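Position one of the sequence shown corresponds to residue 12 (the numbering used here), numbered consecutively onward.
What the hints contain is simulated information worked out from the structure, not anything from laboratory work.
What you are looking at is a predicted structure, and each value in this text was computed from that prediction instead of being measured.
Do not rely on the hints blindly, as some may be mistaken.
Said to hold, decoys possible - Below are the BS3-like pairs computed for lysine-lysine, each with C-alpha atoms no more than 25 Å apart in a straight line: (1) K683 x K141; (2) K683 x K669; (3) K115 x K44; (4) K312 x K393; (5) K247 x K706; (6) K739 x K551; (7) K157 x K178; (8) K719 x K683; (9) K212 x K312; (10) K257 x K204; (11) K115 x K157; (12) K247 x K141; (13) K506 x K407; (14) K212 x K224; (15) K224 x K141; (16) K115 x K87; (17) K224 x K315; (18) K669 x K87; (19) K157 x K719; (20) K719 x K178; (21) K315 x K257; (22) K495 x K719; (23) K739 x K495; (24) K393 x K504; (25) K257 x K683; (26) K315 x K393; (27) K257 x K678; (28) K204 x K393; (29) K393 x K506.
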Amino acid sequence: MVILIPINFTGSDSEFSASGLDKLSLSNIANTKVKRLNAHFIMGLLTIGFFHWLIIYELQSFLTIRQSYLLSSTHKRSVMARTLLISNVPTYLQQHDVLRSVLKTIPGGINNIWDVYDFERIDHEVRRAKYALEVLEEAQIAGLTKYYSTNCKFLCWGTTPPDNINKLEFFYDQKNQVFFYPPIYLGLVRIPKFDRSFWLKLPGWCRIFRLEKRVSKTQWAVQTLQECHQYIDQEKLKLANGQLTKHNKLFIEFKTQEGAYIAHQCLLSQTQGCLDRTLIEINPADIIWRNVSRNDGIACKFEKYLVTIIFICIIILYVIPVSLIGLVSHIPLLTQLMPFLKWIYHFPEEARATISGFLPSILLTILTEICMVTFRFLTYFKGRTTGSEVEIDLQKWYFAFLFFQQFLVVTISSSVTVIFKQIIDQPTSIPVLLATNLPKSATFFFQYMCLKAFAFCGSNFLRINQLILTNTVYKVIDRTPRQKFTRLTNLPKIKWGTTFSVYSIYACIGISYSIISPLISIFIIFFLCLSILYYKYALKYVYSHLNESETMGRLYPIALLHLYTGIYCLECCLIGVFFLSKDQNGNYPMRVQGWIMTGVLFLTIFTNTLIYNRYIPHFSNLPILSDKIYRESHEKENSDSVGNSDYETDENNYVNHKLLYLHPAFKYEAPKLWLPQDPSGYSEFQIQEIESLLKSLSGGATDGAQVKFSRPFNNLKLTVSEAPPDYK
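Please take these sequences and the hints and turn them into a complete structure.
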């Protein structure tokens, strides 16, 4: 940048000179000073060479850190490091004794085996039970509010309601009940051809068309909880007796990490289509059970390829709106080509400058956010079994979308209006015009990066949206202590798949324009510094420290390899510039540099392939042999007794190890009713009455939540200080 900006700025002559920020780019070099492009040629070679050195250095550092973590004693003892998901298990191998004998050649042997059972019914009943509990607690809070509203004349004088108020009559009085239209559960809908199933549920207001009456929330919730708990107990009994249907997938916990990775990296069966898919390092909370329960048949593959086709169509069809956004940045030429847009000149000049400068960036950001949500939703239907797999797949496709739309399409569309008239006048000059005018789109990216930097500060540093929601919406929707506790403790989590893609595309833009328009490096560095400053503190104070969709660092090398697209664009653009640059005599003095850069392009492709093939096995696998073993002490290396005790200690950290890799619905336990403490003790009375009506409830408590009566508005103020009594 220090070398090229002065060369570009002084590259004009009396006959040719660029305008605006283009004076600092390659576009400002006149034909009489075309040999100045040798500086760009040399700096391009240095940039490409430094890029490859940096890629190799970062990949090597990544592998060192990844393997050090995976081979650490703490991680090796964890169940995640020793558990393997095996798909397409034939029926005869689903017997645990047979499977243990087949896998007895694996060092260490098998510790536990978890079958994947049919969970449709119990999962539905657990969802119903949780919703009914939420409705029950909301009804009791509403009754508590009515209780104090009815007797607020006593509280206005700072006293409590008198003891002679009959709480029992007040509780069962129909006037004090809360009525609503309960949701309609229509049953399980199966789609056999696609191996999909879902429970159909309609909102409660649909009962109006059936001329039904509203029912009491308390009575409906008590009855629903009783029914759900009966069904749940029946499903658990079937699980204990082995009567549930098994799917063709198994979770196998090996006794050693080495055994799990050997099974993961080996071909387990000589029969095609059996035991052919394995996945390791699985967090039980990250499993997508709907996809795990599906068979890897033709329907699953068809759905996967269909989603891939939809992704490609979205990327291609987004060319239309993104191209129109790029055209907005050139209002004068756009109005010449489209005269019906001349009404824009009725606005002041400052307004037109704002429209052409920031409106395209704002619209592009909105379109990008819409696409990100769509991609994340569709990735679920590709059959990924864990959230970490979803993040990895989403990173690749979202980067492809961003690079194609935010870089290539915007670059071409923002320059096409500039060269359109010249193409009509001189059709034979198309290659020259493309090579000389495409760099002018750097002005758009200057504005885009400025907008992203300031928007990043406004949305992330200030967090105005959370401030407004906390003081408005959350006070309305947090009606029960459990709802308020859930909102306060569920911290936001970063979706690293889309986050890495965004920063990869910014890096690609900076690499592509590092020689053409080196000034953009300042904007890229400024934005990245803001990002580092934000994430340095946000990861510590804002976002959750727990990440169920942990990929063990696999997103980082993928993001590094994505940077090659920026290098390819840089090389292709330099090749076009060198081949098409003419001097004042009409000669092409930079053809030799063009041929050399062409050779560098092929060499880059070869190096990219070589680096990929060399490092890709280390991204998801773990070396069985390591020279680190020989550097460790002999006692630590061969202490089998210590290792066994570590495994036992690790298993004791789990409350119920036998249910660890079963569907969460099988771990459901009868909940406890949680209501806030109040001055008159009405909440405790409510809990006693609910316990008498609902025997399957595990009691109730008022600890950790308090409610106070607010005199000015006669409402209740809820505060939460502890976790729910049934919190785990």
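So, going through the hints one by one against the coordinates:
| no. | hint | result |
| --- | --- | --- |
| 1 | K683 x K141 | holds, 11 Å |
| 2 | K683 x K669 | holds, 24 Å |
| 3 | K115 x K44 | violated, 75 Å |
| 4 | K312 x K393 | holds, 8 Å |
| 5 | K247 x K706 | holds, 19 Å |
| 6 | K739 x K551 | holds, 23 Å |
| 7 | K157 x K178 | holds, 12 Å |
| 8 | K719 x K683 | holds, 22 Å |
| 9 | K212 x K312 | violated, 28 Å |
| 10 | K257 x K204 | holds, 19 Å |
| 11 | K115 x K157 | violated, 66 Å |
| 12 | K247 x K141 | holds, 17 Å |
| 13 | K506 x K407 | holds, 14 Å |
| 14 | K212 x K224 | holds, 19 Å |
| 15 | K224 x K141 | holds, 24 Å |
| 16 | K115 x K87 | holds, 20 Å |
| 17 | K224 x K315 | violated, 45 Å |
| 18 | K669 x K87 | holds, 19 Å |
| 19 | K157 x K719 | holds, 14 Å |
| 20 | K719 x K178 | holds, 19 Å |
| 21 | K315 x K257 | holds, 23 Å |
| 22 | K495 x K719 | holds, 15 Å |
| 23 | K739 x K495 | holds, 17 Å |
| 24 | K393 x K504 | holds, 23 Å |
| 25 | K257 x K683 | violated, 32 Å |
| 26 | K315 x K393 | holds, 4 Å |
| 27 | K257 x K678 | holds, 18 Å |
| 28 | K204 x K393 | holds, 16 Å |
| 29 | K393 x K506 | holds, 18 Å |
This entry does not satisfy hints 3, 9, 11, 17, 25, going by the numbered hints stated previously.
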